[in-house]
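Take the two lone chains and join them into the complex the hints point to.
Each protein sequence line maps, in turn, to chains A and B. Each step along the first sequence adds one to the number in our numbering, with nothing skipped, and position 204 is 204. Each step along the second sequence adds one to the number in our numbering, with nothing skipped, and position 43 is 43.
By construction, these hints were calculated from the structure, which means they are not laboratory data. None of the values given here were measured: they were computed from a predicted structure. Among the hints, erroneous ones may be present.
Here are some, though not all, of the chain A residues that point toward chain B, as calculated from beta-carbon distances under 10 Å [claimed, not checked]: (1) MET1; (2) LEU2; (3) ILE3; (4) SER6; (5) VAL40; (6) PRO41; (7) VAL102; (8) THR107; (9) TYR190; (10) ASN194.
Listed below are several chain A residues computed to face chain B (Cβ distance under 10 Å; list not exhaustive) [claimed, not checked]: (11) ARG53; (12) VAL147; (13) ASP151.
All C-beta atoms in this analysis are idealised placements derived from N, C-alpha and C, irrespective of residue type, glycine included.
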Amino acid sequence: MLIRPSLGFGLGLRVEHYESVLAERPPVDWFEVLTENYLVPGGKPLDYLMRVRERYPVAMHGVSLSIGSSAPLDREYLRQVAALAARVQPEWISDHLCWTGVAGRNTHDLLPLPYTEEALEHVAARVRQVQDMLGRRILLENVSSYVTFRDSALTEWQFLAQLAERADCLILLDVNNIYVSAVNHEFDPYDYLNAVPAERVQQIHLAGHEDHGSYLVDTHDTAVCDPVWELYAAALRRCGAVSTMIERDDHIPPLSELCAELGRARALARDALGAAAAERTAAALGAAPQSTAVAP
Amino acid sequence: MSSLARVQSDFQDHLLRGSEAVRAHLLGTARVPLETRLGIYAGAYGSRLTDALRSNYPALAALLGEADFAALGADYVRTHDSPFFSIRNYGDGLPEFLVQQATYAEVPLLAELARWEWTLGTVFDAADATPLAVGALARTPPARWAQLSFEWHPSVRRIALAWNVPQLWQALTRGEERPELVLLPEPIEWLAWRQELRSCFRSLSRSEAAALDAARAGDCFGELCERLGAELGEHAAPAQAATLLRAWVDAGLIVAARTA
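In isolation and in its complexed conformation, chain B is listed as follows (with noise of 0.2 Å):
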């Protein structure tokens, strides 16, 4: 190893893990004692890290309080290294850890709303792309209708849920009254795309998340018929889809349709 590779991998083992090696490299003075010096730069990377996830989980934050969210920063950051270039990034672990970790998971409302505002965090700087035009598939031939598959917005996010995180999450941003939190007898679907700069979730049927995860998986509309049909019979299999389709395409979640 090089004298520069030896004096920085100290260095950073000083910074992510407390090692005291990087001391043999450095020099204080009597104003300002090699403790002192060192201090700052580790102060500055564990509360860099710590605002990085405030910034990435301010509801979060805000449920916690100042006190506590600084607690579980500390306890993540000094878990977590960043392999990242975008401080952004830091912190896609965090609901694992909360999962994870045994204080955190007592209380599993705190992962599941953090798995949200990850999820959002990413609907927002997702890709752009133009969606489909509403009259687009209007000159698609009947008989190729059935075949039709298509292609996703990239900020489409799916998440099932088992409290009623977005609307704890909309009065924590909001700074609004927070709702009385709830387990629901059974998950909400939930999904959460950007139409144009705007990000929207909304919550789904079980019937259009299923055929909304299938369609994306690849399932072309007759198949989304066929499906549909398993559950409302043959006859208004075709029509509900067409409904889903159409809402689909309202909403901007498709990109492009195209015949197989």
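With the rest of the complex left out, here is chain A (with noise of 0.2 Å):
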């Protein structure tokens, strides 16, 4: 089994909600942080951050990575990581397979790639390279995109499926980034949720986007949508039960909201993974008909 088990329902840990987190418990199961703010020498953020980990478990999340990046990978960064790792204890460590910058510079966006065997090769290698750093596997997610690009031989998710299996990285699967993806690029979002290798889908995300017409833009500012709680639902029926978080960066609500917003991602799960329970078990009754009609 290459993937931990689920932790359950979580959220992202945001400034806003700090002092609630700590004071009124809530029915939160775990939560992701993001890593970049606690690369800190000192004061409160980690401090709160500290106590929080005391109550829940946390997953660290980073946007500065830039693991697609023809650059070199920034040690710095990865010490920093390693070192904050080692203070928190995370249950996991995951980015972006994206690029941020070249030449020094980072743009503090998460841009896409070129899905080329030549970006496929230097991304493994260094995913190779960031794990044997941390010493332990990494969880890289799909983003959100907006352009093509001439030279991409391969689908997004292919690209996803091989890079993962070459480098042996788990997933963080957002749902609402295939769904922005799958309308700006005009794809079936379905066929990109079957080829993710289920096996490696170690965590899922879930966000609001804002709609353009035409297209959708990755925002993060408001609630799931409909859609992509189908592609949840579909997502889970596939891959299992897998630890969920809602990520909300923008518009920040009262954490009792995205709590209730929990709540429907709790309940869609149960609805899923008990239908997909009955399949499993239907598939096996059907797969062996014999050994029933012998049983006793």
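Pasting the structure below:
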């Protein structure tokens, strides 16, 4: 078994909720923290993080690994991530399948890659390097994208699946990002989902986006929409019980509102996984009629 | 240059400099033209970095108002790429930028407010350290006091301000009525630091500021007494040096005292 058992249903830890999380012990199973927010020498951010960590499992989610960049890996960044991980003891460490800058610059955006053999080999080698340096498998998340590269020879899902296999890494499947990119690039999100190596999906992200009519923008500033909930249910049927969290980075509502949204994910998972379990049972019964026939 | 490196270099040049070479690598669709698609990235780049400035300089943003701060952000982002892996560090050059740009240099208060906010930001997440216990110095034998030198909390910062910026900053961040802006007859010396998790600041007399700066530069207690002696006379100096030291220890500015 490659992946860890599900942690259940989590939220992103946000400054606005620090006090409520500590005082109210909300019904959240785990928290995802933005790694870079805690790559600081000391003070309040780290103090809050460590106090939350005493109460909840925590996963570290980075935005600056720039795994797809043609520039060399930033070893100082990785050293700091490793030091934070040694302190926080996270359940896992994730970042994005993207690049953020070259030539010593950081655009602070999750920029898409051309899906070429060259990029695939390059990224796979870097993932292996990072995993060696951190002493653990990392999770890479599919990003929302808005452009297609002329040179792309693979689909995004083929690229992701082959990368995970070659680099032996895990996947953070962002269901909203699949949906956003599917609309923007006019593919079927279920084609993507059905090609994802389910055995490597250790975490799922849910989030909201902004609808511009002919395209969508991944904004994380609104509730999860119905088509994304449907895709999530399908993801669970395919991948089984996977740690799930809701990302909200802007227009952050009170914690109770996000807990209610998380309740919807829980209910949906109960239904989807119940149905999936029933399907598996039916399939098992169908596949073994003789043994059931001879059973006493 | 590999094909991947070329694509990424062109893409980044588009975001940072508006160069168009990236178009050759990309495809648009009938439904969403390439122009629109690239516009999403270019727009996000500018607004993300301006948002980072707004979050690092909230009082300056409140003082300038939405439109003027957005214009400042756009000017700064156009001329300052981020070399940082954490966006929290973006904007370190803003005080200097405000001094150098003629439009902003006409209002020197802006650069001072920015310098103050950046200083407070570095106090906020400076490294943690355990302050020296208040009673610890009492255990030093009197004969060794003259040789005592001090190690300072990593959050300690010093700044001199020509305007009543801390009062303005306080009013802006609390949403209170702004004080009248005053250019002081001479700059005031300020000390900012963190006591446990609380960020603190206070003004310093010229004499205390000089003593504190000297002690942070490595002067031992005996040298502090000599420095104060020139100002207060030989007899009054040791008592004043002890008073200052006591206040610094009480405030948690000092984390260790040792004899050479």
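Exercise for review: Go through the numbered hints given earlier and state which of them the structure violates, listing their numbers in rising order.
Suggested key: Of the numbered hints given earlier, those the structure breaks are 1, 2, 3, 4, 9, 10, 11, listed in rising order.
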